Amino acid sequence: MASLQYLLKAIPQILSAKIFFLMIGGVGVGLVIGALPGMSATMGVALFLPLTYWMTPAESLVFLGSLYMAAIFGGSFSAILLRTPGTPSNIGTTFDGYPMAKQGKGWEAILIATYSSLYGGLFGMICFLIFAPMLARIALRFGPPEYFWLGIFGLTVISSLSRGNTLKGFIGGFIGMMISFVGVAPIGGNVRFTFGSAHLISGFGLIPALVGLFCIPEVINMIVQRGQKQLFLEAKVEKGTMLRTFVEVMKRQIDLLRASVIGFIIGVLPGAGGNIANLVSYSEAMRASKHPEKFGTGIPEGVIATEASNNATVGGGFVPLMTLGVPGTPVDAILYGALLIQGLRPGAELFTTRADVVYTFIVGVIAATLVMVPLGLLFGRGMTKIVYKIPIHVLVPVILLLTMIGSYCVQNNISDVYTMLILGVLGYVLRRFGFEAGPITLGLILGPIAETGFTQALLMGRRLDYPWAIFFIRPISWVLIALSVLFLLWPLIRRQSPSVGVDRK
Amino acid sequence: MISNTIVNTIFILLASVFLYQTKDLNYLSAIFPQIISVVVISLCTISIVTSARKKEEQSAVKIKREDLLYIIIIIVLSFLWVYLMDWVFGFAVGSIIFMTIISLIVGGKNLKFKQLVGNIITFSIITIAFWYLLAKLLIVPLPRGLLF
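Protein chains in written order, with my numbering: chain A, 981 to 1485; chain B, 112 to 259.
Derived from the structure by calculation, the hints contain no laboratory data. Keep in mind it's a predicted model, so treat the numbers as computed, not measured. A hint or two may mislead.
[To be verified] Examples of chain A residues toward chain B, derived with CB under 7 Å:
#1 Phe1173
#2 Val1376
#3 Trp1470
[What the hints assert, rightly or not] Straight-line C-alpha distance at most 27 Å; calculated DSS-like pairs for lysine-lysine:
#4 B:Lys223 to B:Lys175
#5 A:Lys1082 to B:Lys165
#6 A:Lys1274 to A:Lys1082
#7 A:Lys1369 to B:Lys223
#8 A:Lys1365 to B:Lys165
#9 A:Lys1082 to A:Lys1365
#10 B:Lys173 to A:Lys1082
#11 B:Lys247 to A:Lys998
#12 A:Lys1219 to A:Lys1231
#13 A:Lys1369 to B:Lys225
#14 B:Lys223 to A:Lys1365
#15 A:Lys1082 to B:Lys134
#16 A:Lys1274 to B:Lys173
#17 B:Lys225 to A:Lys1365
#18 B:Lys175 to B:Lys220
#19 A:Lys1270 to A:Lys1082
#20 A:Lys1231 to A:Lys1274
#21 A:Lys1082 to A:Lys1231
#22 B:Lys220 to A:Lys1369
#23 B:Lys165 to A:Lys1274
Glycine is no exception: its CB is placed at the ideal position from the N, C-alpha and C atoms.
Turn these sequences into a full structure, and let the hints steer you where they fit.
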């Protein structure tokens, strides 16, 4: 009851001119930052954190929360129009969004991404409001062995991501993991596989790798298509497309709900975020579909799966942050810092001692998710028109500039730009030999999670007679092992299913 | 088949180098890379054997020699762009120069003088907007080079 009172009190708060404009500003900045390849939500929140020093706690949190939510959504624009995920949370959006854009359905894909992000964002925030304390306790039961198995479970997604050749997909995934080993070992502390280069001590950054692997091969493809006037031909947009697409997306309640639940649960787990959720959700949508073979050819289900899940992780990530003071993702860590700067100590007591601020924040982010739709549509429409009309000889240098800015700004380090270019060329060569960027990136993301879990679990297991038994004696581990085996064998199980046979006929 | 064998052999060599390098590391730093390297070697060997059995050639679309030349030129120019931006031109001047050169090469003969002038203006506006946003508003230290 008390929560409801605070919620009702928060509504007039966020409608006050200052908070309202800060919310719109946060959404606007987030959309632009998210849409720029390589400029992640983390970078956006970090860059704008100093501007919040002069704000009140509620203003600061609403601004940063709005920026975070909008940046995750904004990343879908470049994923759809340029095959370059704006943030790591939009990797999966490239799989179906870009083929849609190529077919002249870029605007439709943007609409689907917008409505799915709205659904996922609202779902995540409402679940955060209702289930936060309970879920926070469950999330804390995830220890190192569970994180190791979570990493392995994440790898099973590769069987869906690798089109045509699963073996190559897995090889790509493990090569991605090997790339993630370069630098200082997370637990052992040794400097590894740097071949004497000082630049490699900090390892390969995820953002430069992501930008390189996805964007540079696309730039190279554009160079091959340089004779064409434009990158793709724009189809005519019929009147009423916005409303029709909204109805179509909302009709897919099961797809939206599945994606949002996956996103929220993965968001709750400290250490996992939208970068994993969007790929797991895409894979699950494919598994659940009657036509998995159509995924990757430009179908709405693919965009719905990734975009609903990545925005749902935002609310999920707030669960451990606000209730336990455990920031699960880098963005949450910056928000944790923002709370401390404002003199607020994240934890369960925050909901009672500073309930006014917490509920204003929650209502503010929910309102920002709603504001995100009209602003996103305006921005997305403009970007679609620009990308469709811009000639290739302008697009290539502009994209190159954006990739350089995106990878440079992560650490203000020029060697990250070289890394991005080198991995980009490598990504193009590997793609020509059938190794897709998706599995390699997944390996790169999961490598540190799986390795840290694995080595910490081994340390924990030292108290047992058989240290390796630690991986198999905990109930959550059993669930994750069972899920991993099930999903790995899913293509075989599906082939045996009589219903699939009927469907294919 | 041959290309598949070559790529997988390169991966096997890379994994072997990783495996060899772990001998100097402590147990906690070495164990996971060792496992993954062995997995990579095993999977690549399976891939080589299965592709040899199938004896089918992966038919990737061949790149024309002219296209390949363009790709190499743009990649080399991109590296040069980063190098000279960092050491000589700085972010703003370097970006405008190299964006114009790349645009000229990609546009080729079809690029008219009017379009080229338009492109230079567009590139200048975009670059200066980013320079102002990053260097002035957000105090991000961009490469300065010798010029600024």
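Cross-check of the supplied hints:
Using the Cβ-Cβ criterion of 7 Å, the hint placing Phe1173 of chain A at the interface with chain B is satisfied: the shortest such distance is roughly 6 Å. A least Cβ separation of about 5 Å between Val1376 of chain A and chain B falls short of the 7 Å threshold, and the interface hint therefore holds. Nearest Cβ of chain B to the Cβ of Trp1470 of chain A: about 19 Å, over the 7 Å cut. The hint is violated. As the CA atoms of Lys223 of chain B and Lys175 of chain B are separated by approximately 25 Å, the hinted pair is consistent with the 27 Å bound.
The suggested pairing of Lys1082 of chain A with Lys165 of chain B is violated, with an alpha-carbon distance near 33 Å, which exceeds 27 Å. The suggested pairing of Lys1274 of chain A with Lys1082 of chain A holds, with an alpha-carbon distance near 15 Å, which does not exceed 27 Å. Proposed proximity of Lys1369 of chain A and Lys223 of chain B is supported: the alpha carbons are some 17 Å apart, at most 27 Å. Taking the CA atoms of Lys1365 of chain A and Lys165 of chain B, the gap is about 46 Å. The hint is violated against a cut of 27 Å.
Pair hint Lys1082 of chain A plus Lys1365 of chain A holds up; C-alpha atoms about 13 Å apart against a cutoff of 27 Å. Only pairs whose Cα atoms come within 27 Å are accepted, and Lys173 of chain B paired with Lys1082 of chain A is accepted, the gap being roughly 21 Å. This hinted pair checks out: Lys247 of chain B and Lys998 of chain A have alpha carbons roughly 25 Å apart, not beyond 27 Å. For a cut-off of 27 Å, the pair hint linking Lys1219 of chain A to Lys1231 of chain A stands: about 20 Å separates their Cα positions.
A threshold of 27 Å between alpha carbons decides the hint, and for Lys1369 of chain A with Lys225 of chain B the separation of about 17 Å falls inside it, so the pair holds. The straight-line distance between the Cα atoms of Lys223 of chain B and Lys1365 of chain A is roughly 23 Å, inside the 27 Å bound, and the hint therefore holds. For the hint linking Lys1082 of chain A to Lys134 of chain B, the alpha-carbon distance of about 49 Å lies beyond 27 Å, and the restraint is violated. For the proposed pair Lys1274 of chain A and Lys173 of chain B, the alpha carbon gap of about 26 Å is at most 27 Å, so the pair holds.
Note on Lys225 of chain B and Lys1365 of chain A: the hinted pairing holds, with a Cα-Cα distance of about 22 Å set against a maximum of 27 Å. For a cut-off of 27 Å, the pair hint linking Lys175 of chain B to Lys220 of chain B stands: about 19 Å separates their Cα positions. Proposed proximity of Lys1270 of chain A and Lys1082 of chain A is supported: the alpha carbons are some 24 Å apart, at most 27 Å. For the hint pairing Lys1231 of chain A with Lys1274 of chain A, the CA-to-CA distance comes to about 19 Å; that is within 27 Å, so the pair holds.
Of the supplied pair hints, the one linking Lys1082 of chain A and Lys1231 of chain A holds, its CA atoms being roughly 25 Å apart against a limit of 27 Å. At most 27 Å may separate the alpha-carbon atoms for a hinted pair to count; Lys220 of chain B and Lys1369 of chain A meet this at roughly 20 Å. At roughly 26 Å between alpha-carbon atoms, Lys165 of chain B and Lys1274 of chain A fall within 27 Å of each other, so this suggested pair holds.
When held up to the earlier numbered hints, the structure conflicts with 3, 5, 8, 15 and fits the remainder.
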